[in-house]
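There are 2 protein chains.
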Amino acid sequence: MKPDFDPTLYLVTDRGCLAGRDLLDVVGRAVAGGAKLVQLREKNACTREFVELARALVGLVRPLGARLVINDRVDVALACDADGVHVGQDDMRPADVRALIGSQRILGLSVTGEDETLAARGEPVDYLGAGPVFATATKKDAGAPQGLDGLARMIALAEVPVVAIGAVTAANAAAVMAAGAAGLAVVSAICAAPDPEAAARELRAIAEGR
Amino acid sequence: MKPDFDPTLYLVTDRGCLAGRDLLDVVGRAVAGGAKLVQLREKNACTREFVELARALVGLVRPLGARLVINDRVDVALACDADGVHVGQDDMRPADVRALIGSQRILGLSVTGEDETLAARGEPVDYLGAGPVFATATKKDAGAPQGLDGLARMIALAEVPVVAIGAVTAANAAAVMAAGAAGLAVVSAICAAPDPEAAARELRAIAEGR
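Sequences listed follow chains D and U, in order.
full-length UniProt numbering numbers the first residue of the first sequence as 1 and each following residue consecutively.
full-length UniProt numbering numbers the first residue of the second sequence as 1 and each following residue consecutively.
For reference, chain D alone in the conformation it holds in the complex (with noise of 0.2 Å):
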């Protein structure tokens, strides 16, 4: 059976973030906090070295009942038993990813704009990332802003769970949240906190309506 996942925290790693903190660290206190869908995203990386970051942190997130997917690299997600995969539209078609990872994994989707959103329907995914919703400097790559509208307009077209990413803050989680998403993306939100465990803890309650 796939694995259930809470998409409510969602960090995505950049260790761009970090200011020279060990990335495992970061992640260990996130999760504390409250993150408990982990995505591990490597630009860089050899291969090697990719793997073996991404099996220490499958040691590290699973004990404390939180979910690692990997993004793009399907290769790596089956070396380290990671719990799924998280895919752009440049990267591994999700019927192709499906093949590879089974029905045990969970595969999540990048969305930007509504014909992305409606392209997939039907894709064999579990979850949308649906962004930028605001102008984000973390993803160099990442479309025009969406917008909370925008965000509300995609979450209406989504059959699966929809996460919002781009710039969410604290500051702007709650509107994020009534705008029906399903969960809080975040990357330098908390990569970049000076405390990653209370910025996790905050992110969180706002995000339950706490």
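Hints are not guaranteed to be accurate.
The list makes no distinction among identical chains, and a pair is therefore deemed to hold if it is satisfied within one copy or across any two copies.
[To be verified] Calculated cross-link-like contacts (lysine-lysine; reagent style DSSO-like; alpha-carbon spacing at most 30 Å): (1) 140 to 2; (2) 139 to 43; (3) 43 to 2; (4) 140 to 43.
Calculated directly from the structure, the hints in this document are not laboratory data.
The hints should help you fit chain U onto chain D, whose structure is shown.
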């Protein structure tokens, strides 16, 4: 059963060497000229493009009696049902690759020098790519040239067939084979040749001692 493969003339692709020509056209000519093993090496393509290119090449070379292996990306190899994978020292470890591709596909490993060749003993690989024999411009992270003597020492230490790579040309191919290589692995000697089929035919004839 693992597919037979003929490493006598091994084409490693480099789209940077094609001078605007179509990769499939050049590969098709090279195979017609006698390159019966082809490695698709793509260091800049996004995953979606890589998979599409790999599928097109499988469809091209297999009916011609050649084998296609994929550089680095096990996921791409699995998605396109390639004949195998070739990894370097920074890529996934051979044992991890073998666990993902099973016993039915070819696995090759790049080695530079005697230490890496020794370390490869006992690894689940089907051949080694040893080099660079001579100084090469097509692989920026290649190590120090090993020369013909260094190649012969690596071959003496290897447990599996060794193909030689690194500025191998028609001018030095006979000497490379005389050092004990099972085959010639070439990039620019075919990819950049005005007539890739004729270049492959000449290299194959030399490799076979004709």
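(message) As a check of your reading, is residue 140 near residue 2 (CA-CA no more than 30 Å) within one copy, between copies, both or neither?
(response) Neither, since 32 Å and 43 Å both go past 30 Å.
(message) Treating 30 Å as the Cα threshold, decide for residue 43 and residue 2: within, between, both or neither.
(response) within (27 Å within a copy, 33 Å between copies)
>> With identical chains, the pair residue 139 and residue 43 could be close in the same copy or across copies; at 30 Å between alpha carbons, which is it: within, between, both, or neither?
In response: both (11 Å within a copy, 20 Å between copies)
If the cutoff is 30 Å on CA atoms, where do residue 140 and residue 43 land: within, between, both or neither? Let me know, please. both (12 Å within a copy, 19 Å between copies)
Violation of the numbered hints given earlier is confined to hint 1; every other hint is satisfied by the structure.
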